[in-house]
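Peer 1: Protein chains in written order, with this note's numbering: chain S, 6 to 272; chain W, 171 to 494.
Quick caveat, the hints were computed from the structure, so don't treat them as lab data. The reader is advised that the hints may include incorrect statements.
[Claimed, not checked] Taking lysine-lysine and the DSSO-like style, the derived pairs with C-alpha atoms no more than 30 Å apart in a straight line are:
id: 1; chain 1: S; residue 1: K270; chain 2: W; residue 2: K480
id: 2; chain 1: W; residue 1: K479; chain 2: S; residue 2: K26
id: 3; chain 1: W; residue 1: K329; chain 2: W; residue 2: K301
id: 4; chain 1: S; residue 1: K26; chain 2: W; residue 2: K329
id: 5; chain 1: W; residue 1: K453; chain 2: W; residue 2: K480
id: 6; chain 1: W; residue 1: K453; chain 2: W; residue 2: K329
id: 7; chain 1: S; residue 1: K114; chain 2: S; residue 2: K209
id: 8; chain 1: S; residue 1: K96; chain 2: S; residue 2: K26
id: 9; chain 1: S; residue 1: K114; chain 2: S; residue 2: K96
id: 10; chain 1: W; residue 1: K460; chain 2: S; residue 2: K270
id: 11; chain 1: S; residue 1: K270; chain 2: W; residue 2: K329
id: 12; chain 1: W; residue 1: K361; chain 2: W; residue 2: K329
id: 13; chain 1: W; residue 1: K301; chain 2: W; residue 2: K453
id: 14; chain 1: W; residue 1: K301; chain 2: S; residue 2: K26
id: 15; chain 1: W; residue 1: K460; chain 2: W; residue 2: K480
id: 16; chain 1: W; residue 1: K479; chain 2: S; residue 2: K270
id: 17; chain 1: W; residue 1: K460; chain 2: S; residue 2: K26
id: 18; chain 1: W; residue 1: K453; chain 2: S; residue 2: K270
id: 19; chain 1: W; residue 1: K460; chain 2: W; residue 2: K479
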Amino acid sequence: MDVIVCVKQIPDPETPAAAFKVDEAAMQVLPAQGISPVISPFDAQAVEAALRIKDASGDGTVNIISLGPDSARDAIKHSLAMGADEGYHLKDDAFDGGDAWTTALALSKAIQHIGVPDVLIFGRQAADWDQGTVGSIVAELLDLPSATVLRAVELSGDSITVSRVVADGFENVELPTPCVLTISNEFGDPRYPQLRQIMQAARKQVTELTASDLGLDASEVGAAGARVQMHALYQPTSDVEVEIIEGDTPEEKAAGLVNALREAKIL
Amino acid sequence: MASILVIGETDDSGLTAPTLELLGAASRLSGNLGGGVALALIGSGLADAAAAAGPAGADSVYTADADSLAGYQTDSYLPVAQGIVELDSPSVILMSQSSIGRDLAPRLATRLGTAAIMDSLGLEVDGDRVKATRSCYGGNARQVVTVQTNPQVITVRPKSQDPIEADASRSAEVIDVNVAEPTLRARTTGKEQAESEGIRLEDAEIVVSGGRGLGGPEAFADLESLAGVLTAAVGSSRAACDLGWYPPSQQVGLTGTVVSPTLYVAIAISGASQHMAGCGGSKNIVAINKDPDAPIFSFSRFGIVDDYKKVLPALEAAFADALD
Numbered sequence: 006m007d008v009i010v011c012v013k014q015i016p017d018p019e020t021p022a023a024a025f026k027v028d029e030a031a032m033q034v035l036p037a038q039g040i041s042p043v044i045s046p047f048d049a050q051a052v053e054a055a056l057r058i059k060d061a062s063g064d065g066t067v068n069i070i071s072l073g074p075d076s077a078r079d080a081i082k083h084s085l086a087m088g089a090d091e092g093y094h095l096k097d098d099a100f101d102g103g104d105a106w107t108t109a110l111a112l113s114k115a116i117q118h119i120g121v122p123d124v125l126i127f128g129r130q131a132a133d134w135d136q137g138t139v140g141s142i143v144a145e146l147l148d149l150p151s152a153t154v155l156r157a158v159e160l161s162g163d164s165i166t167v168s169r170v171v172a173d174g175f176e177n178v179e180l181p182t183p184c185v186l187t188i189s190n191e192f193g194d195p196r197y198p199q200l201r202q203i204m205q206a207a208r209k210q211v212t213e214l215t216a217s218d219l220g221l222d223a224s225e226v227g228a229a230g231a232r233v234q235m236h237a238l239y240q241p242t243s244d245v246e247v248e249i250i251e252g253d254t255p256e257e258k259a260a261g262l263v264n265a266l267r268e269a270k271i272l
Numbered sequence: 171m172a173s174i175l176v177i178g179e180t181d182d183s184g185l186t187a188p189t190l191e192l193l194g195a196a197s198r199l200s201g202n203l204g205g206g207v208a209l210a211l212i213g214s215g216l217a218d219a220a221a222a223a224g225p226a227g228a229d230s231v232y233t234a235d236a237d238s239l240a241g242y243q244t245d246s247y248l249p250v251a252q253g254i255v256e257l258d259s260p261s262v263i264l265m266s267q268s269s270i271g272r273d274l275a276p277r278l279a280t281r282l283g284t285a286a287i288m289d290s291l292g293l294e295v296d297g298d299r300v301k302a303t304r305s306c307y308g309g310n311a312r313q314v315v316t317v318q319t320n321p322q323v324i325t326v327r328p329k330s331q332d333p334i335e336a337d338a339s340r341s342a343e344v345i346d347v348n349v350a351e352p353t354l355r356a357r358t359t360g361k362e363q364a365e366s367e368g369i370r371l372e373d374a375e376i377v378v379s380g381g382r383g384l385g386g387p388e389a390f391a392d393l394e395s396l397a398g399v400l401t402a403a404v405g406s407s408r409a410a411c412d413l414g415w416y417p418p419s420q421q422v423g424l425t426g427t428v429v430s431p432t433l434y435v436a437i438a439i440s441g442a443s444q445h446m447a448g449c450g451g452s453k454n455i456v457a458i459n460k461d462p463d464a465p466i467f468s469f470s471r472f473g474i475v476d477d478y479k480k481v482l483p484a485l486e487a488a489f490a491d492a493l494d
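With the sequences and hints as input, model every part of the structure.
Peer 2: Printed below as a string of structure tokens:
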């Protein structure tokens, strides 16, 4: 089975809240000192899902696409080191300032350029903007069936069986190929590349593609083509002042907490 | 033509709580946008839910009622939703950030030639646009955004909007929509219901939640015992769910359930932004953590700095006494 995974390089979501800073005027997140960007964790899980499908089917390829500035190459290289075959980097100043729509549009053109595979996999959402729409938009643009927010993916003959995380449990869904899947954190840990694989990945091919390579005009992508406009970006503030319940023993602390909750009429 | 179309959801009790919240938001927004509020219901056996639409704030209600629509499937709901939008020509479409909304909103928006803003916390009219405030960067930041194309598709986080007080004297015009036999490509073949002992997380007045700091799955039995005393639901951080210590259905956070109980007891939870995205709306947070610098304390009204293993038995006894 041939699989394409779309990945994104983002500021490390494990960045401690204290190190997270926003430039409100530029409406941008400032890079945290000494904390390197990473492949979005859901995307690494998507690559893992793709590699397992390839292994289970016994043949095929796993190719990676990422749209973004130079740093997007690192997300592609990470995926290649995990075991993916080839990378495609959608890189063009014209892509700057885009939104989920323009990103999905460029990705869908790139997928058609490479050849629509049996399965297309995305992370459930990029852990920076947390929108979670690109996979579904690509599915709609390519007129493919989709299943989103998955904790398990299995190959069963020519079709794909998945388990969808829903509010009160899980739904089993069967999809024909080609189809689009988005992977949730419940999927489990992705493999971590070993040094030898990182060295091998350095020799794997990454093809750069521009907007015009994809048949897209600069007016269709980036800020010019965006359908969503941002007006502000800021850090929320908490106005709660914590009262630490003191005590010499756990019993005293517990009693103190219960009293405090009663006095505040919470209990 | 309505200015706002709410794509609602139903359960055994009729309209779901998030649907009532969406109708509340739509009623408030429509005052400034002009035009009415329509509700779209897609499913099977919708008569009771449709009757509740007027009192909850809808001026009209579209019902697509068919056995084939009994459960959500992307391929069956999408063309029906598209058909209702074409009948109604709304300028704004609201959906809940639910399993259905997450899946349907971006595909529907794309099919309509527009875009979707997901998981809004606040909505405000600005000219003919609805400005949505939403959480991003795992809860570390907020952004204010508008959809520049029409219609503006927006999903709304449950419990972020208030319903209006039900007015039994109001009624909504019911418009039945013809449903064609759907062509299913992806097919739902079965459902595994999460074991739901006790109180549903999203309905609970008190939630007792545990995180990675518990050190292992055994500790959740102690949390369940405490929850029994408090008549509380038990939640878990994503870290603890990902480690397999507690079922994903009990996950509180950005990628799990959003709760807003009167009292949220966070035990051995550090307070990562993505967790706070799920419990930050709680009226009171109490944190028990041995790390005095844990971020959770900056969101909490009361805190105990100690090893939860020592505090929990004493706390359960103290609550049992107090509530006796």
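Peer 1: Next, verify each hint and record whether it holds.
Peer 2: Status of the hints after comparison with the structure:
A distance of roughly 26 Å separates the Cα atoms of K270 (chain S) and K480 (chain W); the hinted pair therefore holds under the 30 Å criterion. With a C-alpha separation of about 35 Å, the suggested pairing of K479 (chain W) with K26 (chain S) is violated against the 30 Å cut-off. For the hint pairing K329 (chain W) with K301 (chain W), the CA-to-CA distance comes to about 18 Å; that is within 30 Å, so the pair holds. The suggested pairing of K26 (chain S) with K329 (chain W) holds, with an alpha-carbon distance near 28 Å, which does not exceed 30 Å.
A hinted pair counts as satisfied when its Cα atoms are at most 30 Å apart, and K453 (chain W) with K480 (chain W) qualifies at roughly 26 Å. Of the supplied pair hints, the one linking K453 (chain W) and K329 (chain W) holds, its CA atoms being roughly 12 Å apart against a limit of 30 Å. Between the alpha carbons of K114 (chain S) and K209 (chain S) the distance comes to roughly 23 Å, so the proposed pair stays at or under 30 Å and holds. For the hint pairing K96 (chain S) with K26 (chain S), the CA-to-CA distance comes to about 26 Å; that is within 30 Å, so the pair holds.
A threshold of 30 Å between alpha carbons decides the hint, and for K114 (chain S) with K96 (chain S) the separation of about 13 Å falls inside it, so the pair holds. As the CA atoms of K460 (chain W) and K270 (chain S) are separated by approximately 26 Å, the hinted pair is consistent with the 30 Å bound. Between K270 (chain S) and K329 (chain W) the alpha-carbon distance is near 22 Å, which keeps this suggested pair within the 30 Å criterion. Between K361 (chain W) and K329 (chain W) the alpha-carbon distance is near 26 Å, which keeps this suggested pair within the 30 Å criterion.
For the hint linking K301 (chain W) to K453 (chain W), the alpha-carbon distance of about 26 Å falls within 30 Å, and the restraint holds. At most 30 Å may separate the alpha-carbon atoms for a hinted pair to count; K301 (chain W) and K26 (chain S) meet this at roughly 23 Å. Restraint check for K460 (chain W) and K480 (chain W): the C-alpha separation of about 10 Å stays at or below 30 Å, so the hint holds. For a cut-off of 30 Å, the pair hint linking K479 (chain W) to K270 (chain S) stands: about 27 Å separates their Cα positions.
At most 30 Å may separate the alpha-carbon atoms for a hinted pair to count; K460 (chain W) and K26 (chain S) meet this at roughly 27 Å. Between K453 (chain W) and K270 (chain S), the direct Cα distance comes to roughly 12 Å. Compliance with the 30 Å bound is thereby established for this hinted pair. Our distance criterion of 30 Å between C-alpha atoms is met by K460 (chain W) and K479 (chain W), whose separation comes to about 10 Å.
When each numbered hint is compared with the structure, a violation occurs for hint 2 only.
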